[in-house]
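A.B. asks: Residue numbers (full-length UniProt numbering), protein chains in the order written: chain R, 1 to 354; chain V, 1 to 354; chain W, 1 to 354; chain E, 1 to 354.
Hints may contain errors.
It does not matter which identical chain is meant; a pair holds if it fits inside one copy or across any two.
As the list claims (entries may be wrong) - Keeping only pairs whose Cα atoms sit at most 20 Å apart, straight-line, the calculated EDC-like set for lysine to aspartate or glutamate is:
#1 LYS69 / ASP45
#2 LYS313 / ASP177
#3 LYS313 / ASP61
Hint data in this document are derived by calculation from the structure and do not stem from the laboratory.
4 protein chains.
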Amino acid sequence: MAAASAPLIRVGIVGGTGYTGVELLRLLSRHPNVKLHAITSRKEDGLPVAEMFPNLRGAVDLCFQTPEKAALDQCDVVFFATPHGVAMAQARELIAQGVRVIDLAADFRLQDIAQFEQWYKMPHACPDVLASSVYGLVELNREQIPGAKVIGNPGCYPTTVILGLLPLLQAKKPLIDLSDIVADAKSGVSGAGRKAEVGTLFSEASDSFRAYGVSGHRHHPEIVEQLDRIAGQPVGLTFVPHLVPMIRGMFTTLHLRILPEALDTDFQTLYERHYATEPFVDVMPPGSLPDTRSVRASNTLRISVHRPQGGRKLVVLVVQDNLVKGASGQAIQNMNLMFGLPEATGLEQVAVLP
Amino acid sequence: MAAASAPLIRVGIVGGTGYTGVELLRLLSRHPNVKLHAITSRKEDGLPVAEMFPNLRGAVDLCFQTPEKAALDQCDVVFFATPHGVAMAQARELIAQGVRVIDLAADFRLQDIAQFEQWYKMPHACPDVLASSVYGLVELNREQIPGAKVIGNPGCYPTTVILGLLPLLQAKKPLIDLSDIVADAKSGVSGAGRKAEVGTLFSEASDSFRAYGVSGHRHHPEIVEQLDRIAGQPVGLTFVPHLVPMIRGMFTTLHLRILPEALDTDFQTLYERHYATEPFVDVMPPGSLPDTRSVRASNTLRISVHRPQGGRKLVVLVVQDNLVKGASGQAIQNMNLMFGLPEATGLEQVAVLP
Amino acid sequence: MAAASAPLIRVGIVGGTGYTGVELLRLLSRHPNVKLHAITSRKEDGLPVAEMFPNLRGAVDLCFQTPEKAALDQCDVVFFATPHGVAMAQARELIAQGVRVIDLAADFRLQDIAQFEQWYKMPHACPDVLASSVYGLVELNREQIPGAKVIGNPGCYPTTVILGLLPLLQAKKPLIDLSDIVADAKSGVSGAGRKAEVGTLFSEASDSFRAYGVSGHRHHPEIVEQLDRIAGQPVGLTFVPHLVPMIRGMFTTLHLRILPEALDTDFQTLYERHYATEPFVDVMPPGSLPDTRSVRASNTLRISVHRPQGGRKLVVLVVQDNLVKGASGQAIQNMNLMFGLPEATGLEQVAVLP
Amino acid sequence: MAAASAPLIRVGIVGGTGYTGVELLRLLSRHPNVKLHAITSRKEDGLPVAEMFPNLRGAVDLCFQTPEKAALDQCDVVFFATPHGVAMAQARELIAQGVRVIDLAADFRLQDIAQFEQWYKMPHACPDVLASSVYGLVELNREQIPGAKVIGNPGCYPTTVILGLLPLLQAKKPLIDLSDIVADAKSGVSGAGRKAEVGTLFSEASDSFRAYGVSGHRHHPEIVEQLDRIAGQPVGLTFVPHLVPMIRGMFTTLHLRILPEALDTDFQTLYERHYATEPFVDVMPPGSLPDTRSVRASNTLRISVHRPQGGRKLVVLVVQDNLVKGASGQAIQNMNLMFGLPEATGLEQVAVLP
């Protein structure tokens, strides 16, 4: 843990009534270098946070406040756990006041503004801030994050797909057919957020399994933008998300075509070496089959690499907790880097199993 | 429904203490043309079936009996809801006595005996009976089933993969790359059977998602044998099964490469026409996203056909109840055909939703 | 089954977009004496019912219609699967046109209008119709139901509590302390209906257990009114409902004080005799422990009677499917009686297990 | 947290292959004052613990060892996460070597040996050690625990029932009818342990609810022994446990009869005052309805007090995580006291919600 004598980071959270908000609070309330300064909700002004989220009783004493009362300009960093579009409206002013911004929504994920506007159906409010923001996938952008004023925290699906492909894309020679990447992804229901909707009612989503967004999902352009950049060429991605009757957890199955000239690659070793020093990426031993519960409530992402029957297909399995490594934990990982803390500070929780 | 005046089919069930057994009983106890004659279990001899399965109280009066007492030779048909290897040991004698056999295990699924012996780790007891048996996928072999003495009831995964591909494989011209078929399949936990095992305990399988059998699954050779035969050439199949925290239900996502010369195919129409007269295959309207609950406890299999962003990949989604169309319902569908009944007799139940 | 030659009952359903609506459709679409005439929804006018509820594809061809188009006056019977207050606004006109009414909401459950108005926060629209209506608990009011023009279909909790107590209350001599009846009840989430609400989202209700309505629940006065009437004296009831992370199913645990003078009662025999001829009430053998899945998707209610350590407390366990015996199945049971059909017509489904 | 300079407590765990074992490891691996010395399993000798429990990968490096290799005599404290009967066979020797013992099974819970032998079907191996052991319910026996050599860690149900009643039993005057205490308790499935059994398979326990142990449960005599002692008189307890389809969590509903002379008691204040300084017992505000997820994976137990309609019954609702406060967390709470650490050391985790 970091030295107790360092000054505490004053943290604000905008829009803390959803699942990424309560998860930020669960983690930050035990972070040794953080002081929770304010949490905003226009609608719930005055309500003790712990009344909405009783798991926080005794751990978080704050009440929701309107943004006006919250004095966010006195924070060192503000997390936006809001719907898309909120962070970009406030980011410029905050950073002008020396406050750093970590957006858990999509406002700073896509550098391609046309793509942003097509998928999120709104104009971008601050293209210049976007241009200077950093995509907060630590394992990809560890060098740029400490200096960033604004972080676009990655989407949950993109985190699994990009980290599942990174060792392949950054290898010295081409290994897989980049024109035919299949990501068959499965998410727990909390990924849909804490919105009152029929489709995610218990009686609708329990004891059933379904696909969604097959014709197009907002995470598709985000993944492609990153993969294109990493690969230095356009990739072809088929991305099919599914809904699993579980609360937390994300499981992505990557089906990849090994290039003929790469059939003798030792993919297991490739992955192990690539992630050898990463604190939150765990390449499992050969033959392992990860399950989402092995990362439940922790910031770890686990990968296992398979080559069925030693053939021409590579199957990469990736698991994470969508609310931690896929959202709030990753955001705190970014914060730690931005403030010079050891990357794992406050994120050492062991996954909860069973 | 069939005329009530027809003589009742005397039915025996061997090994009815598992989930396919209780599901056979649920359905057969309300089948208008069936008289349940006997159900065997060496271990549970004398126990009323309804004591083990309380849903059957008032519907099934039988007690489990040893095979010796059960007089299976007086049956018209015997279902084997047993572990692999049991049916093939008894089939020859039963059919010699004029009893027809429907095996819900794997003894009569694979015509390639070498494959059978490799995957099931036992010699085949009756290759000649196997040679004359019929693979009981009605939508594929409707003509041969009525005359069959022994039916190998298809595995649950193969049912979804084969029916999901059949319109493509039986089309007049090649449509997809047969060397690269990806079946990313997801099953409810009941597919693992009613065996006391740690891995399928509630506390292990609930609120989690995982893959299994990535390096090899017994249904892989079964699927490939059928696809090879239908396509008239070897196919390349990547088959990755996953375990979903739900009781019943199977969802298979097929990722297919459309051949360049077939890019202008109207796949929706192809599927609709192919299955237009099938009572238990429902091709959903364009854009539909099936969920497994829409077939829960029914014999219907639903398919939807997608082409994300109008590109080169075809994504076919298939759902069924693994215990009904994937096992016991399909077995009864076979029985109906074997005894000249309308195919849907006793299988008209509407799926249970929610 | 009833003779196929009888004229079909023309059935209308008002407000079929909820769970009791789809459950009525599941059951009625296979009822041999029913013709579905119309189903209304002002909001969904024109939408095929099977598009909202895909389990009905191929089983129900109707579209939702506005009440104006639906010509409900041409029905023989109309089910109201609506929020409280709708049926009472339309009942008078319908019965004037010879249409019989079965209300699955609360408009005709409470004869005490003051209680109704206190708990449901609305004036009663037709006290005279209410006065002539019958409380549709068949096992209690089998004689009055055939002649009823309007049926108040019982609430789900009241069905379990009343049927769990009926043999005691109708015994020849006092058996339990009527001033201290504890009903600790547990319901699946579908009891909350198909409303978009945060509290019943999957991520809120799954993998958790909670009580609700401890300070007062609308079913409390309904239960008390019936118990008072049956007992012929005021009873004291503690009713604590809980929410179980399952879709369907209701489990009520009754904790009762045996009167000192009744300690030698054979309660098992009392219950067995009381319900000996009931088609849908199953008194289980001594020592049985019912589970809700044993009645899933069926109209059966099961009871077991316990006396822990042979002491002074009687523990009665009651299970039902809240959507069938607790709602739509019971409504059809009423319809069968009203139209002179065998009580079990169309309700013979065996429970789905697993 | 405790000073990092204190010598680390060397901890051994006997039988760590079950759920209380893995939960001890999750918590102890992050405990600042603990060094994990050994974990034993005769069957799994040599297996890395993290291979059986992948959530521990990177957090626990130990392998299972046979007891012979484990050198438990070098530990400061040994936890027994074993079946009943194991701890009492080894306790005498361990404490002779200066090792303290915390048993998570039942060997040291019941002082009444006749009761122990009746319910656990084995003779007690060390009545003298039992006599000097302490029942490790911290909120009851905080004074005796620091000096104890052997702790009997309470059962999960007893923890909820006793703590739910304690303010009433320790009040200055009689408040409730002690002859008629009803504890209607509900537990998640992990309470049944990690044993391969049909009854707790996912397909058996999911989407269903049932009672068990109605005729007698081993926690009944444990609860009664403690209540008798606290009350100074025999109590009458009806205890009905139920199984909830959730992994973790326990919810106990206490139905109590308020004595006529105590009807003016302010029960809310009584409870709040009683537990005002307890770090792990949270008396919720009036009208609160606790859910089990609000304590998931944390050591907190929450209580809310209700008096429906202001009547003669008191309804007390108690929730805990059965594996933490109901088992492993409570055991560590005991350890902290035994070794002079602040009681909450290593147990500050915030509950995981959703």
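A.B. asks: State for each hint whether it applies.
C.D. replies: We went through each hint and held it up to the structure:
1. LYS69 / ASP45: within (9 Å within a copy, 46 Å between copies)
2. LYS313 / ASP177: both (10 Å within a copy, 14 Å between copies)
3. LYS313 / ASP61: Answer is neither; intra-copy 52 Å and inter-copy 33 Å both fail.
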